[in-house]
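Taken in order, these protein sequences are the chains called A and B.
Numbered per UniProt numbering, the first sequence finishes at 419, counting up by one with no gaps.
Numbered per UniProt numbering, the second sequence finishes at 107, counting up by one with no gaps.
It is possible that part of the hints are untrue.
What the hints assert, rightly or not - Derived pair list, reagent style DSBU-like, types lysine-lysine, alpha-carbon separation capped at 35 angstroms: (1) 159(A) - 90(B); (2) 90(B) - 157(A); (3) 151(A) - 90(B).
Calculated directly from the structure, the hints in this document are not laboratory data.
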Amino acid sequence: MTDVHTALVRAFRDEWGQVVATLIRLTGDWDLAEECAQDAFTQAVDSWARDGVPRRPGAWLTTTARNRALDRLRRDAVGAAKLREVAAMPVPEPEPDDSGVPDDRLRLMFTCCHPALSLDAQVALTLRTLAGLTPAEIGRALLVAEPALKKRLVRAKQKIRHAGIPYRVPPAHLLPERTPAVLAVLYLLFTEGYSATAGADLLRRELSAEAIRLARVLHRLMPDEPEATGLLALLLLQDARRDARVDEHGDLVLLADQDRSRWDRTEIAEGVALLDGALRRGAPGPYQVQAAIAACHGTAARAEDTDWPQIAALYGRLAEMTRSPVVAVNRAVAVGMAAGPEAGLRILSDVDLPGYHLLPATRADLLRRLGRHDEAARAYREALELVTAEAERRFLSRRLAEVEAGPGGQPAAGRSRPT
Amino acid sequence: MQYMLLICGGPEAAEHAEDGCGGWSEEMAERGVLRGGAGLRPPHEATTVRVRSDEVLLSDGPFAESREQVGGFCLIECGDLDEAVEIASKHPAATYGSIEVRPIWQP
């Protein structure tokens, strides 16, 4: 029974997106596709327990879901033409042949991330149709109330149907403008699961794992797209540090203080190898540059071995590419390490990012390192007014207490952290 | 599928009133996607009609109080949204105003 359970869990993780995608292609009806996929998994619970796990669970599930769709279409007595069409269409053998031929899942990914849909809708739709998360789960992950999330999904599917958003991988000349949306959604999915909330929220870990899996699919299907490779490399390199990022109290552990023996060496090695392959194509984009930064951190044996000048240069490149003020804040951190806190502060003085707690937090840290404790304390207080994650709040409070205690004073909070 | 292209322009749209379509209409007619359309007199000549409690209410000006106003429309018929967007993006007004692509209600 546990074998069946394990097989079902794995099948859900690996095959859900493929089953839904195939059913959408066969029926053109997103809701029907999801319902039939759900039915097939429900049926599998009994069938597999009785007859054993099929040799190819994916094929079994797709066939079952397709038959279910035929039943439903017959019963609903929709146009006979549609029925004939679905009945006549062969279910493709979902052989894991890794041939790089665009498949249903890739098509689904591009449809979910069509630029005519809002980014909100793109993320929700990707999570629902490709990752198989329930509206309640997606709502929790994106901090949206379930009814609002459901409405978002319904609207997105309606727009796909009524506005005629095609279910296909766009032609080559549209790929460059569409791929960033797909990559952005996958990265959002990952960071949603990775963001340092206190404690190990299982659902969020699932999101990161799902993002990595989908990035693998995308990379396999678009082997010539260096940014797709770059994204996968970035996700692996960041994911490798996951276990070391929070301590046993659920508190954030700074990169410099992390126990590097807890980093996942296999993931780092794979990420670096992928990145090297992508960079050889000579078309660096934001994901490759971010992966290169993550690789600098991931390959430093000790914190003091970190190649800060290289990281600062990469952030400079990234800032040119994205013009993002968030990148500018990160660049200030790197420059602060490579060329001293004053150089970092100079970069921050040009950054305007209201409401972003890491801006005053970064300024506070640079001021603290310069011994300007009063100014640092003011900046820490400013950051504390904006921060939302509990683990980060505790960290900032400790630092505030340290600088308030002044030079040579004892930190008020017990556990101070050397940088 | 049928789509209405609502050609919208800002205050500077008047400068382009005499521009014509730069061959767009001809190309689309040849492709067989054009079903109709026209340019419109400026927004200040518009009258908006509402009926509330059986009373006909007229107001001066366009329905939406936005900077960009509908200045013309085209009805097209094509395969899907991607093709409609491709057609709209070739319209010269897209370079100075904007074009809203609206699917036509289908029973």
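The hints, checked one at a time:
The straight-line distance between the Cα atoms of residue 159(A) and residue 90(B) is roughly 23 angstroms, inside the 35 angstroms bound, and the hint therefore holds. Taking the CA atoms of residue 90(B) and residue 157(A), the gap is about 27 angstroms. The hint holds against a cut of 35 angstroms. Using a Cα cut-off of 35 angstroms, the hinted pair residue 151(A) and residue 90(B) holds, with the two alpha carbons roughly 34 angstroms apart.
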